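What follows is the residue order along each chain.
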Amino acid sequence: MKSVYRVLAYLIALEVVIQAAAIAFAVAGLGTWIQQGGVLDAASMESETTEFTGVAGFMIHGLNGQIIVPLLALALLIVSFFARIPGGVLWAGIVLVTVVVQALLGIFSHGAPVLGLVHGALALALFAVAAIAARRSEAALGAPVHAPAPPAGVA
Amino acid sequence: MLAPPEAPAAPRRPGRRRLLVPAVAAVVVLAPLAWLWQASLLPGTYSVTDMGTVDDGRGNAGHAGHAATAGGRSVDSLTEPSAGPADVRVELVAREEPFRLASGEETTGYTLNGTSPGPVVHAELGQLVEVRLVNESVRDGVTLHWHGLDVPNADDGVAGVTQDAVPVGGSFTYRFRVHQAGTFWYHSHQASHVQVQRGLLGALVVTPPGGVGAIDALALVHLYDGTRTVNGRSGETPVAAAPGERVRVRVVNTDNAPMSVWVPGRPFRVLAVDGSEVHGPGEVRDVAVEVTGGARTDLEVVAPARIDLGGASVLVGEQAPPAAPRPAATLDLLTYGTPAPLGFDPAAATRSFDYVIGRSPGFLDGVPGMWWTINGHLFPDVPMYMVAEGDVVRMRVENRSGEGHPMHLHGHHAVVLSRGGVPAAGSPWWVDSLQVADGETYEIAFVADNPGVWTDHCHNLPHAVEGLVAHLMYEGVTTPHRIGGPNTPE
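From first to last, the protein sequence lines stand for chains U and X. Here the first sequence stands for residues 1 to 155, numbered as in the UniProt record's numbering. Here the second sequence stands for residues 1 to 490, numbered as in the UniProt record's numbering.
Same shape as in the complex, but just chain U (with noise of 0.2 Å):
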């Protein structure tokens, strides 16, 4: 279970990186193509036909943000439960709501752009605490597995 609750806190690490490539090269796509002629409204951007370079980088943005982080993040706090890390569930609910708050700005920085100044701030963080978790996990694999049990008897 350590090895498995180590492995989540990491891809959850990993999906914060994804995410932040996948919006860059979004961002940096969508340019170009305005550049280049195209034409972006309100209309256009809600068709989700709208084709360039990039494009693909909003959709793993949406999908990994919306569906796959949280499940990580919350896989990562069932599997704390059973594997007995010092600080394991703690590090785990952490990471939880940095997801959950993460994902709320996200949405609801469309309608205030402001909050889009904190998501992309809270996405270090929650890299930082995924890692924290992770190297916790770590740390409690390299340490003996038990404490040897006191004979029964003795208080």
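For the record, the hints were derived by calculation from the structure and aren't laboratory data. Keep in mind the model is a prediction, meaning the values are calculated, not measured. Treat the hints with care, as some may be off.
What the hints assert, rightly or not - Chain X stretches covered by chain U per the calculated footprint, using a threshold of three residues with CB under 8 Å from any CB of chain U:
(1) 18-31
(2) 37-47
(3) 225-231
(4) 251-258
(5) 407-420
Beta carbons are placed, not taken as given, at the ideal position from N, Cα and C, and that holds for glycine.
Fit chain X to the given chain U structure using the hints.
Relative to chain U, chain X alone:
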């Protein structure tokens, strides 16, 4: 090799507890999620009349099903009363196929009589229209909804509500009298978020006898594969007109969200909105007009003029002015035109409803996500707005969901009373497709004069799939049609 030392048998109780505590914790976390997931699952088929929470507009709310009156009128009986021969007869054959736009681009989707957009259905005010829809090859089935026309309920074309989707090889005949001159359009209301986007649509234009007293031009705007087109043509669309001639350009936005229309360097008027004439339409210039998803706006320009639509344009007459960026200002229809009698008294409303749009995490038919809510609840736990024929209805549409929504009420025209508490001060602003931006609140009113079960939904069609659908239902009306199975209206 040494045999490994025998591991001491772990004491039983701590071992069990070691597993019990995490197992309980996991259940505590997962059980509510599993319950919410299970509770969100929709039955295989269901009637919209059994769905959601009944709201009688008088402060009473209850569960659906109680309102459905046994032995009431079926929507199938709510048809055009005159049995006489139709004045306008059209047959529309729907196909799923690759096709070529008028401007040459190739795409894949749906056609009507081999083209997309489909043929323009043209009628004069008061005429009886009969359209026979034949499904030749649309695998998911197909219907036609007459967007903006207040047709009898049986002809409204909503799969699973007013009819069953027409399967391949089947047909359905729509009959209605056109009681209003104006610009309308038709589109499939089966799997509509896919079928409309991929071309199963066309324009319907109703003119007064003798025409509109100007050159009459149509600009049906649709995005095919992200390319904006006018009447199926990308780029510039010419309209022949001699210098000084007045031209009425009927702009139809068939996409999911607002687009802007502007007339560089020339004055213009907004003659009609959503098929209703504006009273006292004054001349304006250097403003953009917002046309939301599903909405129509008729402009009057004098040739030569250019109408920019954002990526496509209409050139009226020779030597139209060059393209220009969108003006920063947007025409506010709340104050445009001059007041006129409404024909009814909204202050004497007999029903009063809230339609508050929000957004919440949850499960929609088992799928986790951030879904739209109506009055705080996710689909299908949405309001069923109950009315009786003759009621004067007020509805407060409030949007606090973070995104804008083009709200579309079937079968009725509503008039805007106020926005953000500021009363409408211009021409009566009649709408069937109203853009409610994030943070806005509109108060609208209408007369319940068209019995049936009417969809009241977001015309950003993927949003309707995401649960932004409610219904307006007349007391004593039932529907034999069911959503699910072959019927997926959104």
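Verification of the hints:
1. 18-31: It holds: at least three residues are needed, and the segment 18-31 of chain X offers 9 whose Cβ sits within less than 8 Å of chain U.
2. 37-47: violated (count 0)
3. 225-231: holds (count 3)
4. 251-258: The restraint on the segment 251-258 of chain X holds, since 5 of its residues have a Cβ under 8 Å from chain U and three suffice.
5. 407-420: n = 0 at 8 Å, threshold three: violated.
Consistency with the previously given hints fails for numbers 2 and 5, ordered from lowest to highest.
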